[in-house]
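Participant: Each chain is listed here by its residues.
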Amino acid sequence: MKQFIIFVKKEFRHIFRDRKSLLIIIMMPIVQIILFGFALTNEIKNSNIAVLDNAKDEASRAIIQRLDASRYFNVTRYLHASQDIEAAFKSGTVRLVVVFQPDFRESLMHSGKAQVQLIADASDPNTATTVTNYAGNIISDYQKEMSPQVQPPYSIRPEIRMLYNPQLKGAYNFVPGVMAMILILISAMMTSVAIVREKEINTMEVLLVSPLKPLLFILSKAIPYVFLSLVNVSTILLVSVTLLEVPINGSLLLLMGESFLFILTSVSLGLMISNLTKTQQEAQMFSLMTLMLPTLLLGGFMFPIESMPLPLQIISNIVPSKWFFLIVKDVMIKGLGFSAVWKESLVLVGMTLFLLAVSFKKFKTRLA
Amino acid sequence: MNAVTVHNLVKTYSSKKEKVTAMQDVSFTVKQGELFGLIGPDGAGKTSLFRILTTLLLADSGTASVDGFDVVKQYQDIRNRVGYMPGKFSLYQDMTVEENLEFFASIFNTSIEANYDLVKDIYVQIAPFKNRRAGKLSGGMKQKLALCCALIHKPSVLFLDEPTTGVDAVSRKEFWEMLKGLKQQGITILVSTPYMDEAAMCDRVALMQLGKIMSIDTPPNIISRFGEKLWAVRSANMYRLLTDLKKYSNTESCNSFGEYHHLVLKNDDTDAVLRYLGEQNHTAVELKPAQPNIEDCFMQLMNNN
Amino acid sequence: MKETVIKAERLTKKFGDFTATNQISFEVEKGEIFGFLGANGAGKTTAMRMLCGLSIPSSGNATVAGYDVYKQTELIKQNIGYMSQKFSLYEDLTVKENIRFYAGIYGMGSAEIKTKMNALLQQLQMTAEENSLVGSLPLGWKQKLAFSVAILHEPKIVFLDEPTGGVDPVTRREFWNLIYEAAEKGITVFVTTHYMDEAEYCNRISIMVDGKIEALDTPHNLKTIFHASSMDEVFLQLARGAKRTAD
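Chains as they are written, first to last, in my numbering: chain V, 1 to 368; chain B, 1 to 305; chain E, 1 to 247.
The hints are simulated quantities; they were obtained by calculation from the structure and are not laboratory data. Note that the structure is a prediction, hence the values are computed from the model and not measured. Virtual Cβ for every residue (Gly too), placed ideally from N, Cα, C. Don't take each hint at face value.
Stated by the list, open to error - Chain B regions said to be covered by chain V (calculated; three or more residues, Cβ under 8 Å):
id, stretch
1, 49–63
2, 81–87
3, 102–113
What the hints assert, rightly or not - Once the Cα atoms are required to be at most 16 Å apart in a straight line, the calculated EDC-like pairs of lysine to aspartate or glutamate come out as:
id, chain 1, residue 1, chain 2, residue 2
4, E, Lys223, B, Glu259
5, V, Lys20, B, Asp94
6, E, Lys86, B, Glu34
7, B, Lys180, B, Glu34
8, E, Lys116, E, Glu91
Sequences and hints are given; from them, build the entire structure.
Facilitator: Structural data, given as structure tokens:
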């Protein structure tokens with residue numbers, strides 16, 4: 001036991017004496033959350049839009065009012081002819097123009113067909129999609145209220161495909177995403193680097209030629225990073241709740257528990273990597289390529305998995321971050337309990353056990 | 001009982017292009033309490049041999065045992081009882097002297113206090129700096145600390161892989177004095193070094209080159225087998241003297257050795273040599289009999305192989 | 001006829017309140033083999049860095065190949081060669097590629113590189129190995145090659161930092177023969193070593209203790225002054241008095 005305590009103490013010494021790395025580990029989550037938060041949330045708020053109301057009747061005015069009242073849009077211009085539309089965009093201040101057909105209300109009431117045209121500045125396609133989505137939602141809300149008895153209410157629904165949009169509810173998506181990314185980086189990469197460093201400075205040879213058990217070695221290496229990762233989870237949640245107003249709707253205890261599970265998965269990944277690499281640089285590159293990129297690309301929070309080609313969808317299942325992302329979304333955002341995430345949790349448990357088993361089996365008790 | 005037995009060890013490393021033989025058919029024994037030196041340059045196979053004996057590497061063929069335990073089957077027993085200081089061993093640079101020693105004591109399930117007697121003589125020299133980080137120590141101090149760390153669990157056999165490489169002459173001398181002290185306490189020591197002059201400090205040495213043991217014996221016995229008359233020569237221009245002597249028809253071998261060149265002649269007609277050097281306009285020529293040392297023997301063996 | 005190529009006057013380097021090199025003064029002549037000895041941490045590396053133009057002195061003056069170590073460091077670098085035990089050649093490049101790379105750094109034309117490369121490979125008897133990776137060569141060959149590359153651009157001075165550590169005794173002597181040849185051609189050789197027999201091969205030796213040069217003379221004179229039978233003894237007498245324990 002004393003052996004173990006001294007070893008863990010030594011690992012903490014390495015971490016605390018390397019001030020620069022420690023600062024990066026502690027600050028990275030905060031910086032990332034803030035960067036993502038402000039870069040993504042300011043975008044769609046209070047976008048300027050213009051209106052060309054050829055109907056000027058009750059229904060068109062009601063819709064315009066609703067658009068203006070929403071926190072996404074400000075109606076800043078009223079156009080008079082369709083020639084003005086281009087000029088409005090060229091002025092550079094307008095993101096969307098809403099065009100109502102003449103006799104809008106008449107057509108809606110009598111023929112059941114009314115047209116609204118949404119014209120967006122697609123030079124920034126992401127924003128264009130988002131603003132048309134928002135406007136489309138507002139219009140269909142209005143229509144649902146007008147004719148609740150009509151099912152389905154397709155008559156003035158604008159022709160817009162409901163594309164999945166990561167920015168639609170940015171903060172809700174990226175907080176779980178950044179959590180997955182930070183945890184896998186800190187736990188897996190730092191653990192693997194810490195082990196490989198012993199190989200690099202030749203202390204590994206001495207540790208091997210000692211009665212020290214591999215299990216003890218691995219545990220002592222992992223514990224400090226599990227601890228640091230838990231600190232990171234706490235800071236991420238704190239910053240999310242206070243600065244970004246993303247609430248924790250579900251049980252905090254469950255959320256921490258699931259994070260702990262994911263940290264274990266990441267640490268076992270780090271162990272695997274340390275078995276496969278010889279230098280710290282190699283371990284870092286390997287971690288970035290096999291952990292960071294899949295987490296970003298296939299984790300589900302940057303790009304929707306549903307719209308990927310089938311092979312990529314299948315591959316995404318072996319990315320642990322994907323499962324953790326789903327869990328955090330369900331628990332933190334949707335406020336669901338363990339019954340909703342037990343399957344995903346089981347997948348992570350399975351992955352962890354598998355990785356640990358392989359790492360212990362592959363742990364080299366000799367050189368080469 | 002022998003502390004170390006090595007029998008027909010062979011070790012090769014294969015890379016993409018070629019197969020490198022690190023050790024070809026190496027056999028020897030080390031008696032308990034002996035200070036045994038493996039002398040040879042980089043690439044002689046010393047490190048591979050040490051790694052096999054410390055159970056870190058598996059040999060291709062052959063057997064070896066340490067303290068009666070087989071290096072393959074009973075490797076755990078060996079790990080519990082030997083001390084090992086790898087080449088270029090650098091300790092934990094970000095930890096203090098005391099923290100390093102405490103750590104290595106604990107991984108061997110012991111404490112500094114329990115075996116303090118053994119390291120005392122060495123530790124008192126670095127004790128004034130016990131709160132200094134290992135990375136801030138000089139080369140000689142680092143070696144002393146590393147030796148303490150390898151000794152702290154009272155090993156029965158101590159393996160030191162090139163402990164004096166890159167260390168200045170004073171520290172080297174001190175290091176060897178420490179080894180002599182440890183030998184007094186009954187610890188078997190195997191030490192490797194590329195410095196030929198250090199052979200004299202060992203009870204017995206193995207001269208290694210390119211994976212083979214060329215000779216194995218006590219230093220005086222190795223020197224007595226040199227078997228040829230050796231002359232020390234010098235003149236005002238040493239470099240020209242060397243090239244001229246190498247061209248001389250009666251020269252068997254000629255190597256520079258500090259302020260003299262060591263010369264072996266085909267027949268010992270020294271007057272002819274002096275005449276020849278006179279013809280070549282050498283001044284201040286001095287020629288006298290010389291005692292061969294281990295380095296002379298090593299080069300002779302290299303040439304014969 | 002004597003030409004001074006290195007001249008140091010009260011050259012000093014301080015790191016905070018630690019004086020690594022303390023007012024050292026010496027001169028080295030053209031074609032001389034100058035041994036620069038001292039215990040680990042005596043201040044050799046710091047002094048060598050200043051002379052190579054890699055580190056600006058805290059005080060004192062020095063010129064190397066006629067150039068000032070404060071203002072003309074770029075010109076110094078053009079006129080010196082450098083090799084050490086730790087850094088020599090790229091292990092993952094072939095012999096030829098290494099030669100071409102270093103020659104290129106010093107701005108040689110491709111025709112010149114080709115002639116010099118062939119001469120060099122022949123002199124070292126390494127023509128058969130020209131396409132081998134440097135990492136696959138024995139240490140002694142590497143060091144001989146590294147030295148030849150360091151003097152390929154015919155520098156006025158070559159700095160060698162423990163060039164022969166771990167090299168076998170035969171190759172070590174071959175290495176020194178290369179040094180002698182370079183010196184005969186007029187290249188000044190500034191060398192550090194832990195092998196005391198190699199100290200004897202130098203024309204003159206300086207021994208540093210705790211940042212100061214405590215002795216500077218020919219090996220023969222040093223032995224006379226210190227009543228010693230070998231350089232080893234001279235060195236031990238001087239270095240045993242050292243106070244310093246850290247680099």
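Participant: Which numbered hints does this structure break?
Facilitator: 6 and 8
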